[in-house]
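Q: Protein sequence lines, in the order shown, are assigned to chains A and B. Residue 1836 in the numbering used here sits at position 362 of the first sequence, with consecutive numbering throughout. Residue 125 in the numbering used here sits at position 96 of the second sequence, with consecutive numbering throughout.
Hints are supplied without guarantee of correctness; some may be wrong.
Have a look at the derived ranges for each label pair, beta carbon to beta carbon [said to hold, decoys possible]: (1) Lys-135/B - Lys-1845/A: 24 to 30 Å; (2) Leu-207/B - Gln-1853/A: 47 to 53 Å; (3) Lys-37/B - Gln-1853/A: 45 to 51 Å; (4) Gly-1658/A - Lys-135/B: 26 to 32 Å; (5) Phe-137/B - Lys-1518/A: 39 to 45 Å; (6) Pro-1829/A - Phe-137/B: 34 to 40 Å; (7) Glu-204/B - Pro-1829/A: 55 to 61 Å; (8) Lys-1518/A - Lys-135/B: 50 to 56 Å; (9) Trp-1490/A - Thr-39/B: 41 to 47 Å; (10) Asn-162/B - Arg-1775/A: 36 to 42 Å.
If you are wondering where the hints come from, they were derived from the structure by calculation, not from laboratory data. Note that this is a predicted model, so its numbers are computed, not measured. C-beta: ideal position from N, C-alpha, C; glycine also.
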Amino acid sequence: MNDFYISFKSVLSKPWYSLMSILLVATGTGIISLLFLIDNDLQKKFYGDIKGIQMVVGAKGSPLQLILSAVYQADNPTGNIKASEVKPFTRHPLVKKAIPLAYGDSYQGTRIVGTDTSYLNLYDVQIAEGRLFNEEMEVVVGSQAAKKHNLTVGSKINSQHGQAMEAEQHQHPFKVKGILKPTGTVVDRLIITPYQSLWEVHDIEGEGDFTAYLLQFKNPMGQLMLSKMINNNTSMQAALPSIEIDRLMTLLGTGYDTLKILAYGIMALSGFAVFITLFTSLDQKKYDLSVMRVLGYSKARVLFQVIVESCILCLAGILIGLILSRLIMYFISYIKESAWLTGSMFDTRELILLPLVILLGIVAALIPAYKLYKTDIAQVLSDEK
Amino acid sequence: MIQTEKLKFTYKDGPEFSFPDINVPNKENLLITGNSGVGKTTLLHLLAGIRRPKSGKVKINGTSLYELKSSELDFFRGNQIGVVFQQPHFVSGLTAFENIEIAVKKGFPEKNNHINKLVNRLGIENRASYKTNNLSLGEKQRLGIARAIVNKPQVLYADEPTASLDDKNASIVMELLLEEAEINNSQLVCITHDQRVKRYFKNEIDL
């Protein structure tokens, strides 16, 4: 008979102890796996939304705030920049692509971003319904924003100044001309219109201000040169998204590392639970293994069975932990319809959990296995049970 | 053929047991009797290769047990020796059938068929799928016998097989042991203090 089967039956013969051990291992591995998946999602989200944007030009202030507001539409703008001041840089021969952004208004808390079609091209948007905007006061709506406000092609909306729901409403209605397919990027949460619409709403005649410009360069030299020129010689600032996001991730990483240490602590505790399970069943196991020794099983073989039993508990734990972490991810991304969590289902770092858990199983089994190794089988079988 | 030579055993901080030499030719059975504390079970453990003696030899059909390496002794015990314990011991998580199955040596032809025939012959076919703690004492004893003889061993040891049984059940168990030993060409060595068993054996050693 297969040794794995005997170990498996031994696990089943003490269901409550086994369940407790499995659940503890599942909790530890589940939390670690969940942290990996969330981290993976955040990384994808943060670095995915950058989409090759190498520089953001905006009003002076916090560079992180500029990046968060211009790229992620998640913070207040640092201010406005004059078209006359920014244009020489957007037309610089080393600039490959310059995308204008004018924002600050909203519709019931959803940002309205003024730009041109190059912004939509940056995120490879596709129309789900209707068409793209052709002229001022026409908008296309991201998939989540459309769902949130029940907007369809033909809907009319009035913008508000700023982000507050109770803010003053402008009396220039926008016409919804298209609904976008989900992209998994920031665009899903936005209402997008030609930037001239925002000037019109604010009754600005001629060329108005921009809030920021997103730039891509033909070569790294351009990024370096323009960054220096803008920061040293103008009233604007040039912020580099990759550097700011790295800084942000480092800040977030402190909390992430603390949680990870906690989860590894739970895993160590679960190893102890497996050890207790094996240890408390030693008395019963002594009889079982002594019987097997009399039947010709070698010491090494019966010890192998103890280790296999421990590994079965740990592997069942990791399996349940991985399933639970995925269910939680699915639940969060489904219930919250969160733009930040896309419901990642795998992270390569999870692969480390498998050898780690097997090692945990082996370590937890060592002392019980040693005690069984030293057992005098004749003595055990002579004793009344 | 079972032979012992100047067999001695000492428990840690305990008395030393010196056992008389045994020489049982093939196809003959042996009864070992003695009062409590004379070392009957210790002798069985020595004969079965479960405990190593302080000195002396145990030979089964020419194989000197304690000259074998530990792994060879395990292998020999599993394949050539069957033991029926006074108190039947089983692997708790397994069914009756599986408890026999774990004893079957590798490569045994038509293993399941053989076990099925065995449980039928011993009248426990309806209990084959039961966990062993759901069996009666009589069923456990028959299961213990089935497991001990499943490999058709050269020697079948039985330690106090009739202890705590009434006359009727004692004779059923003894007849079963003798019958199975004969069917499987095994030599039966029975260790007991039960005087009722004497009539089944021609050879007897009183410790």
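Q: Each hint needs a verdict: does it hold in this structure or not?
A: Outcome of the hint check:
1. Lys-135/B - Lys-1845/A: 24 to 30 Å: Because 28 Å falls inside the window, the suggested range holds.
2. Leu-207/B - Gln-1853/A: 47 to 53 Å: Distance hint for Leu-207/B, Gln-1853/A is violated at roughly 30 Å.
3. Lys-37/B - Gln-1853/A: 45 to 51 Å: 18 Å, violated
4. Gly-1658/A - Lys-135/B: 26 to 32 Å: 57 Å, violated
5. Phe-137/B - Lys-1518/A: 39 to 45 Å: 57 Å, violated
6. Pro-1829/A - Phe-137/B: 34 to 40 Å: 37 Å Cβ-Cβ, so the 34 to 40 Å window holds.
7. Glu-204/B - Pro-1829/A: 55 to 61 Å: This hint holds: roughly 57 Å between Cβ atoms.
8. Lys-1518/A - Lys-135/B: 50 to 56 Å: Check passed, 53 Å falls within 50 to 56 Å.
9. Trp-1490/A - Thr-39/B: 41 to 47 Å: 43 Å, holds
10. Asn-162/B - Arg-1775/A: 36 to 42 Å: Given a distance of about 24 Å, which is not inside 36 to 42 Å, the answer is violated.
Against the hints set out earlier in the document, violations occur for numbers 2, 3, 4, 5 and 10.
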